[in-house]
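Here the protein sequences come in this chain order: A and B.
Residue numbers for the first sequence follow the numbering used here, so the first one is 1 and each next one is one higher.
Residue numbers for the second sequence follow the numbering used here, so the first one is 1001 and each next one is one higher.
Rather than coming from a laboratory, the hints here were simulated on the basis of the structure.
It is possible that part of the hints are untrue.
[Unchecked claim] With a straight-line cut-off of 30 Å between C-alpha atoms, the simulated BS3-like cross-links for lysine-lysine are:
| # | chain 1 | residue 1 | chain 2 | residue 2 |
| --- | --- | --- | --- | --- |
| 1 | A | Lys223 | B | Lys1173 |
| 2 | B | Lys1060 | A | Lys235 |
| 3 | A | Lys277 | A | Lys312 |
| 4 | A | Lys277 | A | Lys117 |
| 5 | A | Lys148 | B | Lys1060 |
Just so it is clear, the structure is predicted and the values come from calculations on it, not from any experiment.
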Amino acid sequence: MDSRHAGIRVTYFDYRISVDFFHAVTDGSGGIVFLNTLVGAYLRLKGVEIKDKENYLDDRDKPRREEAIDSFMQMADLKSPKLAKDVVSFQIPGQRLNNFSLIVINGSLDSQQLYNKAKEKNVTITQLLTAVIAWAIEEDRRFFGYSKKRPVVVSVPANLRKFYPTPSLRNFVSIMSIHSNGTTDFDSILKTVKEQFARQNTMEYFMGTINFNVKSQRNFLIKICPLVLKNIILKIAFEKYGAKARTSTISNLGIVTPPKEFNDHVCRYEFILGPQKREMVSFSCCTYLNKTVISASRTIKESGVVRLFFTKLAQLGLSVDVDTNCDI
Amino acid sequence: MKYCRNCKVNVNDRLVNCPLCGSYLDEKVESEKSSEEVQSRITYPILTVESKNSKNFLRKNLLPFFLVAGAVCIAINWIIYSGTLWSGYVLVGLFGGYFAVMNSVYQKRRLYSILGLSGLISCICVLGIDVVKSLETQGNLSGVAVSIEYIIPGILVAIIIATDIFIIANKSKYKYYFVSLLLASILALLPQLFIWILRLNLIYWFTFSLFFFSLLNLLVMIIAYRKTFKQEMLRKFNL
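Please put together the full structure from these sequences, using the hints given.
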C-alpha cells in the first residue's frame, strides 16, 4: 500500500482499528476526535445510536470553519521572547532495526493506583513518568558506561487548549524540554523534573515559542521562498538541530472520554508515537475506563531503557501488565 | 496472565518470553476476568525484524563509494596525464548516475518527479561533457557549443511536450506535473538568455524557437488550467 502522500492512514486488524496521523495534520486531541468519529460511524452502521457528543463529531454534519483555524496565529502576541534553549542531548545508542520497524511494548496499569502513587510523591502523573524515563535512561547510560558529556533531555508536549480554549481540531501543542540532573538518584531526578515543570508549564514560556514560530511564518522572505527549497532547508535544519535536541519523549494524552455508548464496545485505547530518525525510544500514554496504557515504542533491538522503565514502575509498587507486538 | 520474576510484571499469556528481559515465562497468575478478556482481544499483526539488512548497506554507502571512485579517477588521470581529461567524463557520469538514477530508485520517485529531476540532471551532465571536451581540445571554454545549441534545447523540448501530453491525458494530475512543467519551462529560457546576455557566437535558431515555444506553452497551460495554477502557486510559493 503506497501511502506516502497521505496525511492520515486507517488500518485494522482483528479487534483493532488504527489511525496513523502525520503530525502536521493534527495533534493527539484532534486525533482522538477523528478516531471516535470513525468508530461512531461504524457503530451507527451496526445499529448503535450515539447521542453523547463527547470528543465526537457526527460524520454526517458539515464541517465547521472553526475546526480548521490556526490557533497559534490567534494566540500569538508577538511580544514575549523565546525562553526555550535547545541543546544537543544524549542519544540512546542501539542496533537499528530495518525499514524503521517499530517494536511497541504496552504496559497497562490501574490509573487510580498510578494517581495515588503520584500524589504520594507530590507530583502529577506526567511528572512521575517523566522522572522514571529520565532515571531509566541515566541508569542505562551508567550501566553501559556511555559518555556523560551530553544531558538527558525528555521532551513533554503540552496541550495549549488548557490555556487558550479553542474549537480547532488542528495542532495546538507546545513542547517542554525537561533535563535530567545527571544522577541515578530517583528522588533527586523527580525533584528536578518537578521544578522544571513549574518553570516551563506556564503561559509565558509557551508564548515565547509560539511567537518565534509565528514570526517565522509571517516573514515575507520565508513566505515567498519556494516550497521545494523550504522542504530541503527545514529538513537539514531539523536533522542538525531539532532531532538532536531531545533524548526521548513522553506524551500523555490524559483521560480519553469518548461518548458513553462506546463503553460497551471499546475496551482499550492505545496511543503510540511513530518511529523517529534520531530518537530511538519514545513513550506515550492514555487512560480509559480506569486503565492507563503506557506505550514504549523503539526502533532499536535493545530493550534496556524500556525494561528499566517498567521495572521501576513495578518497584514503586504498581502492578503492570505488559504486552508487545514483537517477540524479539 | 504470566508473571516475570525478573521484571516483576505480568505478561500476556500468548508470549513465551518476557518482552522486557527475555526470561522464559512459565508461571501463570490469577488476574481479573475483565483484564483477561481485554488481553485476549489484544492481537498484533506479525512483525518480523532483522537488525542487519544488506540492501541498506548499499544504500548507505553508495554516495561515499561514488565520491571515492571519482577521487581515484581524478588522481589516476592527474598522475598519468596523457592529454585527455577522461576523469571529467567519469565524474559527469557518476554525478548523473547518482542523482538521476540511484536517487530516483531509492526515493521511489513518481514519473512527474523523475521528469523534472532527470531533465535538470541531464542538462547539467550534457553541459559538463561539453565543458570537459572544450577544455581537452582547446584548453578553454570557447568550444562549448553543441550542448547549448542543440542537446539541452532538445532534452527540454522533449520534457515539455511529454509533460503536456501527460497533463492533457489526465487533467486531474495537473498539480503533480505542475512543478516539472514550470522547471522545464524556466530551464528552456536559459540557453537563449545566455546567448543574448553573454553575446555568445552560437547558432541560435533552436534555442530561439525553444524560448518562444516555452513561453507560449506556459501561457496556454496557465490559461487552460488557471484555477489549478493559482492553487498550486499559492501552495508552492505562498503567492
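A quick look at each hint next to the structure:
Restraint check for lysine 223 of chain A and lysine 1173 of chain B: satisfied, since their Cα atoms lie roughly 25 Å apart, inside the 30 Å limit. A C-alpha spacing of about 18 Å is found between lysine 1060 of chain B and lysine 235 of chain A, which places the hinted pair at or below 30 Å, so the restraint holds. With a C-alpha separation of about 27 Å, the suggested pair lysine 277 of chain A and lysine 312 of chain A falls inside the 30 Å cut-off, and the hint holds. For the suggested pair lysine 277 of chain A and lysine 117 of chain A, the alpha carbons sit about 34 Å apart, so the restraint of at most 30 Å is broken.
Taken as a hint, the lysine 148 of chain A and lysine 1060 of chain B pair is honoured in the structure, with Cα atoms around 29 Å apart against an allowance of 30 Å.
Hint 4 from the list above is the single one not met by this structure.
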